[in-house]
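Each protein sequence line maps, in turn, to chains A, B, C and D.
Our numbering applies: residue 15 is where the first sequence begins, and numbers increase by one.
Our numbering applies: residue 15 is where the second sequence begins, and numbers increase by one.
Our numbering applies: residue 15 is where the third sequence begins, and numbers increase by one.
Our numbering applies: residue 15 is where the fourth sequence begins, and numbers increase by one.
In short, the hints are calculated from the structure, not lab data.
Any given hint could be a false lead.
Claimed, not checked - Under the rule of at most 20 Å between Cα atoms (straight-line distance), these lysine to aspartate or glutamate pairs were calculated in the EDC-like manner:
{"hint": "1", "chain 1": "B", "residue 1": "Lys246", "chain 2": "B", "residue 2": "Glu302"}
{"hint": "2", "chain 1": "C", "residue 1": "Lys168", "chain 2": "C", "residue 2": "Glu206"}
{"hint": "3", "chain 1": "A", "residue 1": "Lys211", "chain 2": "C", "residue 2": "Glu206"}
{"hint": "4", "chain 1": "D", "residue 1": "Lys198", "chain 2": "C", "residue 2": "Asp133"}
{"hint": "5", "chain 1": "D", "residue 1": "Lys168", "chain 2": "D", "residue 2": "Glu243"}
{"hint": "6", "chain 1": "D", "residue 1": "Lys186", "chain 2": "A", "residue 2": "Asp191"}
{"hint": "7", "chain 1": "A", "residue 1": "Lys198", "chain 2": "B", "residue 2": "Glu302"}
{"hint": "8", "chain 1": "A", "residue 1": "Lys246", "chain 2": "D", "residue 2": "Glu243"}
{"hint": "9", "chain 1": "C", "residue 1": "Lys272", "chain 2": "C", "residue 2": "Asp238"}
{"hint": "10", "chain 1": "D", "residue 1": "Lys186", "chain 2": "B", "residue 2": "Glu206"}
{"hint": "11", "chain 1": "A", "residue 1": "Lys272", "chain 2": "A", "residue 2": "Glu243"}
{"hint": "12", "chain 1": "C", "residue 1": "Lys115", "chain 2": "C", "residue 2": "Glu138"}
{"hint": "13", "chain 1": "A", "residue 1": "Lys186", "chain 2": "C", "residue 2": "Glu206"}
{"hint": "14", "chain 1": "A", "residue 1": "Lys186", "chain 2": "D", "residue 2": "Asp191"}
{"hint": "15", "chain 1": "C", "residue 1": "Lys301", "chain 2": "C", "residue 2": "Asp133"}
{"hint": "16", "chain 1": "D", "residue 1": "Lys168", "chain 2": "A", "residue 2": "Asp130"}
{"hint": "17", "chain 1": "B", "residue 1": "Lys282", "chain 2": "C", "residue 2": "Glu159"}
{"hint": "18", "chain 1": "C", "residue 1": "Lys198", "chain 2": "D", "residue 2": "Asp18"}
{"hint": "19", "chain 1": "D", "residue 1": "Lys301", "chain 2": "C", "residue 2": "Asp220"}
{"hint": "20", "chain 1": "C", "residue 1": "Lys240", "chain 2": "C", "residue 2": "Asp226"}
{"hint": "21", "chain 1": "D", "residue 1": "Lys42", "chain 2": "D", "residue 2": "Asp18"}
{"hint": "22", "chain 1": "A", "residue 1": "Lys106", "chain 2": "A", "residue 2": "Asp130"}
{"hint": "23", "chain 1": "B", "residue 1": "Lys168", "chain 2": "D", "residue 2": "Asp191"}
{"hint": "24", "chain 1": "B", "residue 1": "Lys168", "chain 2": "B", "residue 2": "Glu206"}
{"hint": "25", "chain 1": "C", "residue 1": "Lys301", "chain 2": "D", "residue 2": "Asp219"}
{"hint": "26", "chain 1": "D", "residue 1": "Lys198", "chain 2": "D", "residue 2": "Asp219"}
Predicted model only: the values in this text are computed from it and were never measured.
Now for the letters of each chain:
There are 4 protein chains.
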Amino acid sequence: MNKDITFLVAGGDLRQVYTAKKLAENYKVYAAGFDNNIIDFGNAIYTDYKMQLPELVDYIVLPLPASINGVFINAPFCRNNIPISALAPLLKNGGTVFGGKIDPSTMKIFSKCGIDTVDYFEREELNILNAVPTAEGAVQIAMEEMATTIYGQKVLVTGFGRIAKVLVKILKGLGADVTITARKYSDLSWAEIYGCKAVHTSVLDDAISGYDLIFNTVPAVILDEKRLERIKSNTLVIDLASKPGGVDFDTAGRLGVKVVWALSLPGKVAPVTSGEIIACTILNILKERRYTDE
Amino acid sequence: MNKDITFLVAGGDLRQVYTAKKLAENYKVYAAGFDNNIIDFGNAIYTDYKMQLPELVDYIVLPLPASINGVFINAPFCRNNIPISALAPLLKNGGTVFGGKIDPSTMKIFSKCGIDTVDYFEREELNILNAVPTAEGAVQIAMEEMATTIYGQKVLVTGFGRIAKVLVKILKGLGADVTITARKYSDLSWAEIYGCKAVHTSVLDDAISGYDLIFNTVPAVILDEKRLERIKSNTLVIDLASKPGGVDFDTAGRLGVKVVWALSLPGKVAPVTSGEIIACTILNILKERRYTDE
Amino acid sequence: MNKDITFLVAGGDLRQVYTAKKLAENYKVYAAGFDNNIIDFGNAIYTDYKMQLPELVDYIVLPLPASINGVFINAPFCRNNIPISALAPLLKNGGTVFGGKIDPSTMKIFSKCGIDTVDYFEREELNILNAVPTAEGAVQIAMEEMATTIYGQKVLVTGFGRIAKVLVKILKGLGADVTITARKYSDLSWAEIYGCKAVHTSVLDDAISGYDLIFNTVPAVILDEKRLERIKSNTLVIDLASKPGGVDFDTAGRLGVKVVWALSLPGKVAPVTSGEIIACTILNILKERRYTDE
Amino acid sequence: MNKDITFLVAGGDLRQVYTAKKLAENYKVYAAGFDNNIIDFGNAIYTDYKMQLPELVDYIVLPLPASINGVFINAPFCRNNIPISALAPLLKNGGTVFGGKIDPSTMKIFSKCGIDTVDYFEREELNILNAVPTAEGAVQIAMEEMATTIYGQKVLVTGFGRIAKVLVKILKGLGADVTITARKYSDLSWAEIYGCKAVHTSVLDDAISGYDLIFNTVPAVILDEKRLERIKSNTLVIDLASKPGGVDFDTAGRLGVKVVWALSLPGKVAPVTSGEIIACTILNILKERRYTDE
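The shape of chain A in the complex, shown without the other chains (with noise of 0.2 Å):
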């Protein structure tokens, strides 16, 4: 559409070259901070870790993290060191950086220029959108654990968020009996109307005997010895609620309770569509500027 809007995608995984080929669908895009050169970048324009570009860019697109240091671009596919004070001159007077989870040293090094920088991890369609490869690469775990379908098992997702909700979304097209257990009584008259049974956490302890499945999706141990005690001796438990997560680890262990942590899933099971979702989410926040200037 509009080859005058230039970007500098610099470093991240296969996730960042499929921002990259994305973004170049429509603008002209730089992709920079990847050694292998023979990696598809569509109709990004692919640029080594020197980043002599012939041009001043828009919008530079740093990684998610963005920076595992403050210091250098998180570029795990380039041998060199990309420090992140070299980005600044390659961007045009006003231009913007994207980054995710844009630690204070990264975001500093770029305000002392006049830049800003703007988080696309604090979007909450990224966020919602993120929930869907989370969604389905937990189910794709439990499909390869069980020796059962997923139809017909009884299932249990603790929690009524964005990768509960989607979860929910997908184990009834699958068949699963599915209960949500929460602690807000809005949240579970919301696992009704999406055709759940609800159990609301303050009775969990009895009734967490009666499912094969378990996800959580919360960031706090639900699954404590009490509960782990309860449970049938053949459930599988998916937990993805990220660090400290929602499992006692040890006495899953030692009461032979099999846990799979799965954490990261969206880079690991859907790198693609992970890397469009952040395309998608900076287009937008670039067509909301447009509207609010208008």
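Starting from the structure of chain A, add chains B, C and D where the hints point.
Chains B, C and D alone, transformed into the frame defined by chain A:
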């Protein structure tokens, strides 16, 4: 379950009759403010407007709204006026008054006597559950007004709040081709996850001509003159937004656009369910107090 | 697309008007047998009952049923009788007559002139597509008759044929708790896969008391005296089976069971869709001939 | 329920272990033809290959297929060959032998002794229920092979039989954009009712290039050279058709089209469920006999 806990349901329409019946499945319930003692009150005990109860009660349940004028109970089924001030003496020490949309004057009558009032209409789960009869009622109207099936029709729903979410579920079950329009990208992402097309409000002027049926759930004039002029000649518009509504009704009338403004659907299409939702919400509040006490 | 292909739509009710309009989107269509020439026939050309066409046509489309008496076209919108025998001279050599439920006498009138008749009502896809307005109409009746939402109700559907399958899809979208009863285990397996409970007909006598709403789709007296005596007092029965119906109506009346016998729903609740289904089916038949010719 | 009814489950793989366990929940069951007596047989009684039972049994259950060579039981978990002829003496007078895909030679061994054989693989409900693990297994493969989510992908399913119907349900739950191609208009109508796009096979040559993922369920070479040449370079093809399969594998190999030929999925991805399906089908047969006797 517990006949030691006593309720007085005072005033209201058919919904409150069903609130009383639902509560009476497990508790001791008096029902007052209904002239017609031949209505089936189930296990609830019919009492006339003088409310001469043989005992003090734990809880009083007022209708939705609790009062029209802040002096008398809202009791459309009763010829006699029942002053709100007559209720306080019927309540045990430490008892609670539940009501919907309780006005400041009504609230003051109780607070002066040191009595707590709780507005069940402010509970999120009541509003979620009320979205169900609203959405069903809206679909019923569409079925009655249209000479086509809902199946296969192009349907636009504005907004993606509670009512819209339930509407989408029903419309997808019916096989409609559903589009959501909203301003927030997070709403549009959810709409897509739930199988809808998504159109940002900023481009609705162009898209508006493509629909056979439009449900408005947004309390703002979404269908203004410019958009009404562009919708198809036989499009049906069902406005679910409370006053002043989401349609420029004058222009719609002038242009011959068929608009149904459907308000207060839960009480009209499903009084039984609406009454039971109130009962469930009150019981949730009581359960929550118990957990908190523990 | 192809204005060289010509149709005459002769007789029928509102459905045939829409059959004519649909065909006229792509072909040249004459419409006769409707007195009221102010009906909007779209691109179809209005012609009075004398049918003085300026050309011979490729195809004649008769209504459903084609004739009531085997002599005149079934034309409820026309005061004049139109003899079926008047049609043959209007058809090109090798042309075809389409009609619904064509009786032997009507068929003979054409076959004597060497004209092929095709009964579109015998086409499987027409009967599948007609299940949609039937199921929607049935649900509309339930919504109108019940003081509860469909959501949360215990619903029994007898049989798992075309109408039952579409009903289930709609009822699940509405959030009903649906049970299928059938005699064949294969039907029960499908019912479970589509998210229903399944009850073999052999144990229906015991199960029958558990439902708020019953749809009968089976052309046999499923609800006999024994079963009617056991259903709950406020259960609504909607009988979709053609004559003699699936309910012992005398007993139902005596017992005060509320039964709605809903026949011929497609033409009543969705004449537009019903007419378009006929048009689509005729076009499918023509497409099939073309593939076969190739 | 009824420990007077006795079964012998003889031979088979993990599925038959679960058939035995499932039957043993309600009946007395002997399991033979498995060397490893440390497998958990639940309530079933482990017996070695000599099958020295303390009593005659009512029913013998053979695996799927019952025999590879018409002489010995198909018993991959057993080092010793068990002749089919050894079974007849273990059966009560009037008892029945159940088996899957029973070959004529095996059948003859029993018929010579006046023993009835029933092939459970010919039961419609078994094949319906087996479509569930097949469809789940196919989706699992797609998840494992693709670097995108299934959500949002354009998926083509050929045919609309049992497996396709279950696939559609799962894929819609995952949020895929599903198209069905079939030859019969009735299949295409059902596909549309279940929320899919529909493409008649006659125009598939043109449509074939639009999909990211193709599931073939039709036992005919649907993906011939012409079509393989037109599919997108990164399309994944999963062929579920039994031999000779639905893909011209040589051409696919030459063109670099990624094809996974997935056969016998139920036993591979969900042996527990597959075994239980066999048990359920046998119990259905016994129930049917009882109704017929009455």
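Check your understanding: Is lysine 168/B close enough to aspartate 191/D, meaning Cα to Cα at most 20 Å?
Key -> holds (17 Å)
Review point. Between lysine 198/D and aspartate 133/C, is the straight-line Cα distance small enough, at 20 Å or below?
Key: holds (17 Å)
Check your understanding: Between lysine 272/A and glutamate 243/A, is the straight-line Cα distance small enough, at 20 Å or below?
Key -> Roughly 12 Å separates the two Cα atoms, so the pair holds.
Point to revise | 20 Å Cα cutoff - pair lysine 168/C, glutamate 206/C | key: Judged against 20 Å, a Cα distance of about 15 Å means the pair holds.
Review point. Can the restraint linking lysine 186/D and glutamate 206/B be considered satisfied, given a maximum Cα separation of 20 Å?
Key: Holds, at roughly 12 Å.
Point to revise | 20 Å limit on alpha-carbon distance, applied to hinted pair lysine 168/D and aspartate 130/A | key: Distance ~38 Å between lysine 168/D and aspartate 130/A Cα, so the pair is violated.
Review point. Does lysine 246/B pair with glutamate 302/B here, judged by a C-alpha cut-off of 20 Å?
Key: violated (50 Å)
Check your understanding: Is lysine 115/C close enough to glutamate 138/C, meaning Cα to Cα at most 20 Å?
Key -> Judged against 20 Å, a Cα distance of about 13 Å means the pair holds.
Check your understanding: Under the criterion that the straight-line Cα-Cα distance not exceed 20 Å, is the pair lysine 168/B, glutamate 206/B satisfied?
Key -> holds (15 Å)
Review point. Quick one, are lysine 301/C and aspartate 219/D close enough, alpha carbons at most 20 Å?
Key: Holds. Lysine 301/C to aspartate 219/D sits at ~17 Å (cutoff 20 Å).
Check your understanding: Given the proposed pairing of lysine 272/C with aspartate 238/C, does the C-alpha separation stay at or below 20 Å?
Key -> holds (14 Å)
Point to revise | Pair hint outcome, lysine 198/C versus aspartate 18/D [Cα-Cα no greater than 20 Å] | key: At roughly 27 Å apart (the allowed maximum being 20 Å), aspartate 18/D and lysine 198/C break the hint.
Consistency with the previously given hints fails for numbers 1, 8, 16, 18, ordered from lowest to highest.
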